[in-house]
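Participant: One letter stands for each residue in the lines below.
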Amino acid sequence: MQKIIMTGITLLFICTLGLLAAHIFGMNNHVSFSNKQSGTQTGAYGKVMETVLGQIEVYNYQRMGFNKGFICFSPDSRFLAVGSETGEVLLYTTKGSLVWRKNMGLGKLTALEFSSDGQSVLVGETSQQGWLFSLRVKDGSEQWRQASVRELGVNIKEKTYPGIVAIRTDAAGMIYAVAQRYIKHADGHNEYVGRIYKFTTDGKRVESFPGDHNLDSWVSWISVAAAGDKAAFATANFDVAKYKYDQNIYCLDGNLNTVLWSNYIDVVSPYQNVTMRTSTDITPDGRYITGVASDGRCFLFDSEQGQEVWRRSISQPQKIGGVYINATGNYSQLLGEYAVFTTGNTYNRANWQLPTPVEHPNSNSLFVFDLQGKLMNNYKFGGMIEQIAASNKLAALAIGRNVRSKDPSVHGLYIVTIPETQLVDYAATSGPCVAVAISADGQYAAGIEAPLQLDDGQVIGEYKLTLLAKTQR
Amino acid sequence: MYDRHVWEATPGKTLLHKTDVRTKMVLLILLAAMVLIVDSPRSLFLLFCLALGLHVVARSSPGRWRILMVFILFGIWGSMTSQALFYTREPRTIIACLLAPTTPGIGALTGGVYIYREGLEYGAVQALRSGTMLTLGLLINWTSDPRQLLRSLLSWKLPYELGFMLITGLRFLPVIFQETGVVLTAQRLRGFNPFRALSPQHLIQTAFQTLFPILARTLRRAATLASSVESRGFGRETPQVALPVWSHQERFFCHTMLLAVCGLVLLKIMDALQFNGLYYVPSCRGLYDLMKVWL
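Chain order of the listed sequences is A and B. Just so we're aligned: the first sequence equals residues 701 to 1173 in this note's numbering. Just so we're aligned: the second sequence equals residues 125 to 419 in this note's numbering.
The set of hints was computed from the structure by calculation and includes no laboratory data. Be careful, since some hints might not be right.
Here are the simulated EDC-like cross-link-like pairs (lysine to aspartate or glutamate), alpha carbons at most 20 angstroms apart as the crow flies [stated by the list, open to error]:
#1 A:859 - B:395
#2 A:942 - A:891
#3 B:416 - A:929
#4 B:416 - A:788
#5 A:857 - B:413
#6 A:1080 - A:1120
#7 B:416 - A:842
#8 B:416 - A:757
#9 A:808 - B:413
The whole structure should be built from the sequences, with the hints applied where relevant.
Facilitator: Given below as structure tokens:
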């Protein structure tokens, strides 16, 4: 009897310590699926790998922002880089093996991109120094780093830190990074500080825009022509105030020295200003520039002179029952001969937290136009298009929370054809899908799922990465 | 468990038995400071494993391992349970609902009783702290001659009376457990079954019926001890037997450990200054990154 008790105690002790160790050291569930077991709706893609990325804070439907993740495929489609909310950068092969993982320490990850030669992973963070890192794909070791704090400043007491929020590359391997610092003052007004940098492949800074002062507008996105001869960005200021850089779209030369042109966009009721948070995009040949505003209008500009080629309203604000509702314009992308735009959730224009009588008919939708402005197709998803990534003929979309219907069955990674918007495949996720990537050849797609707390308190989903590969038929 | 020989120090030939008591005491104090300074669950777990590893080195008997495991399990699960239910910090994630807020009466009163994930994690981390200190304390107790312990304390200028009380307490711990075993055996021989009924009233009555005899016997022993030490001139100045020489190597080791803990304290202060936005050293970013993971 004594021996049985002793054995029982020993087993319980070992199991307790084992569970603790597994939890503390993040020995998470790592499940690899064979190619034969699809796990998707049509079977066009199969799950290669699914892995938990760590424990993160769980949000609900009431929160405006949500958990994020950063994923991108290398240009040769051999590797997948992942930046998680837990502060780690991971590199996987497209077969699902982990090559390396690196904890970035103090900073919060805010951007991730491969270099154009696929030999480096470029990581942007928000921290006291706002670093841009270049890590070797081979082993994750650091090649170089550049800080943005010298230009943008920092206030460690108020915790207003500079950060690299967008990274792009051109065909020659030059790196363009958008640095931003946002300050909310005690009197309620917002201050924005920004800079756009250009670096060589070995991390030498060659240019910045503006050269000797900072942008005073919200700039968190940039697009660069493949030839590197043009770069374009848009502004997204919350306040209606006087700014030096108060125009909505700017097009710079490739050296970031000259503003080739800039445009105002007229304000539409009931908005007081025009914000374009995740615009612009530029065709590879640099001919056209597209953008979408949060008021639901999308645009195509000629990149030479900045003339507006056309504009369309994909989600016009509607007044119903005395309440203005809108579905924000989110992403814009140029894919070959087509311009793709997405809209987000339905919100009450007066206060986003207030309910809306109905869902906007064009909310959570994908619109495809040709370059002449003709609507080719559109596709309505059941939830928020958190991110869109595109290869030549395919678009992968991360579908997350629908804050109105609160239907979790819509969550997942969707792959559709462009311009037909035919659903190629759909990998369902329990929690909202918050990030997505597709390889250049369309053979692989990946998504990050985040946990969500439902209104009854139940938590669904995990912070998890899913990698899909096209099945051989 | 009620055998006093399991609780008492026994001679041995392991490295820990041969180590000077002063070194062990310094190690205990410094490691206790370390587990208080460190917040990282990884580092705490490694420190805890180190403490368990020292028991392996000391070749603790199966009886001692059983005592250790029971205490640690109670500590871990008790801490996790209490924190899981009563965790008040944010963020907190509900993983199970024990009592819905819609339950009549008690539901509205309590607002619902839930198990929080962050509470479980926090409780486990706190249990690792107390578990490490408990493990080390028992290690010192089981591998050190109490007389050597007393002499070490006296050599460090601890007042004789305090040192005597401390060592007597340590010596009497096994006695108390033995007394408990005797009382329970006597009660069982009289047909007493404490778990015959699990009603709270019966359990409280059982507890009093067990504790009073133990207390009475302990007080009797204390009175006997008091008479004994008084008759030997307790409190008067008496020449002490000299302690063995504290080896140079062990002293060096203790100083190194002390420096390491002081370093940890400094790093912790640095981290706190950075976290609270008071002072940040850009050139120490690598250090801050390490601290975030390990400290």
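Participant: Look at each hint and say if it fits the structure.
Facilitator: Structure-based check of all given hints:
1. For the hint pairing residue 859 of chain A with residue 395 of chain B, the CA-to-CA distance comes to about 14 angstroms; that is within 20 angstroms, so the pair holds.
2. For a cut-off of 20 angstroms, the pair hint linking residue 942 of chain A to residue 891 of chain A stands: about 11 angstroms separates their Cα positions.
3. Distance check on the hinted pair: residue 416 of chain B and residue 929 of chain A sit about 41 angstroms apart at the alpha-carbon level, beyond 20 angstroms; violated.
4. A distance of roughly 12 angstroms separates the Cα atoms of residue 416 of chain B and residue 788 of chain A; the hinted pair therefore holds under the 20 angstroms criterion.
5. A hinted pair counts as satisfied when its Cα atoms are at most 20 angstroms apart, and residue 857 of chain A with residue 413 of chain B qualifies at roughly 19 angstroms.
6. Distance check on the hinted pair: residue 1080 of chain A and residue 1120 of chain A sit about 13 angstroms apart at the alpha-carbon level, within 20 angstroms; holds.
7. A C-alpha spacing of about 19 angstroms is found between residue 416 of chain B and residue 842 of chain A, which places the hinted pair at or below 20 angstroms, so the restraint holds.
8. Proximity of residue 416 of chain B to residue 757 of chain A is assessed by CA-CA distance (about 17 angstroms); at most 20 angstroms being required, the pair is judged to hold.
9. Under the criterion of a C-alpha separation no larger than 20 angstroms, the hint pairing residue 808 of chain A with residue 413 of chain B is consistent with the structure, at around 12 angstroms.
Checked against the numbered hints given earlier, this structure breaks only hint 3.
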